[in-house]
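Asks: The primary structure of each chain is shown beneath.
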Amino acid sequence: MQSTRKIRVLIAKPGLDSHDRGAKVVARALRDAGMEVIYTGLRQTPEQIVETALQEDVDVIGLSILSGAHKTLFPRIMELLKKQGLSDVMVFAGGIVPEEDIVEMKKLGIKEIFGPGTTTDSIIQYVRDNLPKRN
Amino acid sequence: MSKNEEIVNGVLAGNKRSIAKAITAIENCTDESPELIARLFPHTGKAHVIGLTGAGGAGKSTLIEKIVREYRNRGKTVGVVAVDPTSPFSGGAFLGDRIRMQELSTDEGVFIRSMASRNHAGGIARATKDAAKVLDAAGKDIVIVETVGAGQSEVEIIKVAQTIIVVHAPGLGDEIQAIKAGIMEIADIFVVNKADRENANKAVIDIQSNLQLNSKQVAWKPPVLKTVAVTGEGILELVGKIEEHRCFLEGNAECRTALLKNRAEAELVEAIKEKAANALIDDLRRKGKLDEVLQRILEKKIDPATAAEKVLKETLNNDRT
Chain A
1 MQSTRKIRVL
11 IAKPGLDSHD
21 RGAKVVARAL
31 RDAGMEVIYT
41 GLRQTPEQIV
51 ETALQEDVDV
61 IGLSILSGAH
71 KTLFPRIMEL
81 LKKQGLSDVM
91 VFAGGIVPEE
101 DIVEMKKLGI
111 KEIFGPGTTT
121 DSIIQYVRDN
131 LPKRN
Chain B
136 MSKNEEIVNG
146 VLAGNKRSIA
156 KAITAIENCT
166 DESPELIARL
176 FPHTGKAHVI
186 GLTGAGGAGK
196 STLIEKIVRE
206 YRNRGKTVGV
216 VAVDPTSPFS
226 GGAFLGDRIR
236 MQELSTDEGV
246 FIRSMASRNH
256 AGGIARATKD
266 AAKVLDAAGK
276 DIVIVETVGA
286 GQSEVEIIKV
296 AQTIIVVHAP
306 GLGDEIQAIK
316 AGIMEIADIF
326 VVNKADRENA
336 NKAVIDIQSN
346 LQLNSKQVAW
356 KPPVLKTVAV
366 TGEGILELVG
376 KIEEHRCFLE
386 GNAECRTALL
396 KNRAEAELVE
406 AIKEKAANAL
416 IDDLRRKGKL
426 DEVLQRILEK
436 KIDPATAAEK
446 VLKETLNNDR
456 T
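The listed protein sequences correspond, in order, to chains A and B.
Going by the numbering used here, the first sequence opens with residue 1, and the numbers climb by one from there.
Going by the numbering used here, the second sequence opens with residue 136, and the numbers climb by one from there.
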């Protein structure tokens with residue numbers, strides 16, 4: 001039987017921010033790059049995001065946020081991922097995260113933050129280069 | 136304990152991580168997956184499997200969300216497998232069925248998995264059926280498989296179900312032709328969703344007259360229901376009909392046995408086809424004969440069907456000697 005492994009990515013929008021154009025652009029780009037992208041829509045709670053990651057057994061999570069609530073939401077998400085034994089999932093973020101917060105976010109375990117102006121190609125390449133080895 | 140044992144035990148205990156890992160192994164056709172299925176198979180057969188199909192835009196995901204809620208109200212646990220097409224160009228997929236069901240993701244009694252068809256025509260049917268088996272073995276009372284009724288493999292996928300529901304919506308453009316002939320014959324319940332739209336009644340009448348043209352005598356007459364999934368209108372009746380169908384199957388041992396036997400035979404045939412084809416082609420390749428056969432076909436010296444017959448005969452004869 002042919003083994004067909006695909007990269008599964010969850011693109012999630014935590015919190016109350018309802019600007020999803022960027023998230024959809026990234027989702028479509030990853031799909032066009034051959035990945036399976038689960039997009040869960042707007043207004044996701046950290047609990048919903050982590051549950052989805054668990055059930056869908058994703059390799060990567062991309063968090064899209066433009067509301068400024070990352071300092072509340074990201075720590076909660078990372079904490080829940082750890083609790084569910086999903087620390088081996090690679091998490092990146094995009095949208096509006098101020099320079100001064102990036103270091104703090106990375107310390108939480110968020111591997112990379114893609115700000116405005118990032119090309120979809122660079123995100124695709126990043127995901128491919130940093131695909132985690134899963135348990 | 137081996138990894139497989141751990142996963143199997145986890146699935147039987149209803150552990151979500153194990154369920155997720157099992158489905159991933161099946162999707163990826165890993166070396167461990169046949170053993171996983173073999174071990175879980177004896178624990179299947181308890182769930183009622185519902186297949187839901189219909190053209191894109193008919194409102195299947197919204198309908199499923201309401202159906203799941205109703206079953207949860209009745210104290211049942213539910214597994215959902217939502218299948219979406221893989222792009223033939225990129226090999227990727229946008230899996231968005233969860234959007235309509237996301238409020239259910241934190242319900243402990245619900246497990247939702249999105250699957251991409253991954254373009255192996257027979258393979259997706261097998262992978263979906265096996266994913267449904269995992270959810271069945273994990274103790275879900277109800278398993279819902281959702282697929283877009285667009286191709287032959289969708290007809291195959293939906294045969295995993297004991298109750299098949301076809302969803303249609305008025306104004307999708309191609310009216311009843313949208314319901315593929317293969318699905319029309321095996322559907323147990325028809326639903327006209329978005330029934331608040333114009334032409335909903337016409338759609339119901341069209342489906343009903345189509346059913347009447349089908350002169351076969353059947354023990355179960357597929358009803359045609361109207362729903363407005365967004366508001367929940369008609370959902371109670373729909374779930375009622377699903378339960379009625381389930382009772383019908385349970386009460387009618389002959390029907391039920393015939394159904395299960397048919398399905399088992401179909402699955403066996405598919406499995407044999409897949410394995411036999413792969414084994415024979417691999418064998419040809421290993422013997423270095425594949426190119427030779429292909430060349431003869433290209434030169435029109437032999438047609439593919441006859442070539443296949445020869446390969447099969449030679450292999451069977453070799454096995455006998």
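Hints listed in this document are in silico derivations from the structure and should not be mistaken for laboratory results.
Keep in mind that this is a model prediction, so the values were computed, not measured.
For every residue, glycine included, the Cβ atom is placed at its ideal position computed from N, Cα and C.
There may be inaccurate statements among the hints.
[Claimed, not checked] Residues from chain A shown here face chain B by an in silico Cβ test under 7 Å; the list is partial: (1) Asp-32; (2) Glu-36; (3) Thr-40; (4) Glu-47; (5) Thr-52; (6) Asp-88; (7) Phe-92; (8) Val-103.
[To be verified] Cross-link-like lysine to aspartate or glutamate pairs, in silico, DMTMM-like; alpha carbons within 25 Å at most: (9) Lys-211(B) with Asp-242(B); (10) Lys-71(A) with Glu-170(B); (11) Lys-211(B) with Glu-47(A); (12) Lys-24(A) with Glu-333(B); (13) Lys-82(A) with Asp-219(B); (14) Lys-448(B) with Glu-379(B); (15) Lys-6(A) with Asp-438(B); (16) Lys-138(B) with Glu-167(B); (17) Lys-436(B) with Asp-418(B); (18) Lys-106(A) with Glu-79(A); (19) Lys-6(A) with Glu-379(B); (20) Lys-71(A) with Asp-32(A); (21) Lys-83(A) with Asp-242(B); (22) Lys-211(B) with Glu-405(B); (23) Lys-448(B) with Asp-438(B); (24) Lys-82(A) with Asp-418(B); (25) Lys-83(A) with Glu-243(B); (26) Lys-422(B) with Glu-379(B).
[Claimed, not checked] Restraint-style ranges between C-beta atoms, simulated for each label pair: (27) Asp-88(A) with Glu-333(B): 29 to 39 Å; (28) Asn-387(B) with Thr-72(A): 38 to 48 Å; (29) Asp-121(A) with Leu-433(B): 38 to 48 Å; (30) Asn-144(B) with Gly-68(A): 22 to 32 Å; (31) Glu-47(A) with Ala-442(B): 26 to 36 Å; (32) Ala-406(B) with Asp-88(A): 51 to 61 Å; (33) Thr-72(A) with Ile-416(B): 35 to 45 Å; (34) Ile-432(B) with Thr-118(A): 27 to 37 Å; (35) Gly-117(A) with Ala-411(B): 28 to 38 Å; (36) Asp-129(A) with Pro-177(B): 52 to 62 Å.
Asks: Next item in the hint list is Val-103(A). Is there a CB on chain B closer than 7 Å to its CB?
Replies: Check failed: Cβ of Val-103(A) comes no nearer than 31 Å to chain B, outside 7 Å.
Asks: So, as I understand it, the hint says Phe-92(A) touches chain B; can you test that by seeing if any CB pair is closer than 7 Å?
Replies: violated (18 Å)
Asks: Take the C-alpha atoms of Lys-83(A) and Glu-243(B), compute the straight-line distance between them, and say whether it is at most 25 Å.
Replies: holds (16 Å)
Asks: Quick check on the hint: Thr-40(A) CB to chain B CB, less than 7 Å?
Replies: This hint holds: Thr-40(A) lies near chain B, its Cβ roughly 5 Å from the closest one there, short of 7 Å.
Asks: Go through the hint on Asp-32(A) and say holds or violated, using the shortest Cβ distance to chain B against 7 Å.
Replies: holds (5 Å)
Asks: For the pair supplied as a hint, Lys-83(A) and Asp-242(B), is the alpha-carbon distance within the 25 Å limit?
Replies: holds (17 Å)
Asks: Starting from Lys-82(A), check that the Cα of Asp-418(B) is at most 25 Å away, please.
Replies: violated (47 Å)
Asks: For the pair Asn-387(B) and Thr-72(A), does the Cβ-Cβ distance stay inside 38 to 48 Å?
Replies: Since Asn-387(B) and Thr-72(A) have Cβ atoms about 57 Å apart, the given range 38 to 48 Å is violated.
Asks: Is the Cα-Cα distance between Lys-422(B) and Glu-379(B) 25 Å or less?
Replies: violated (56 Å)
Asks: Return the status of the interface hint for Thr-52(A): holds when the least beta-carbon distance to chain B is below 7 Å, violated otherwise.
Replies: holds (5 Å)
Asks: With a cut-off of 25 Å on the C-alpha distance, tell me whether Lys-6(A) and Glu-379(B) pass.
Replies: The hint is violated at about 40 Å.
Asks: With the threshold set at 25 Å, check whether the alpha-carbon distance from Lys-448(B) to Glu-379(B) stays at or below it.
Replies: violated (49 Å)
Hints 6, 7, 8, 10, 12, 13, 14, 15, 19, 20, 22, 24, 26, 27, 28, 30, 31, 32, 33, 34, 35, 36 from the earlier list are contradicted by this structure; the remaining hints agree with it.
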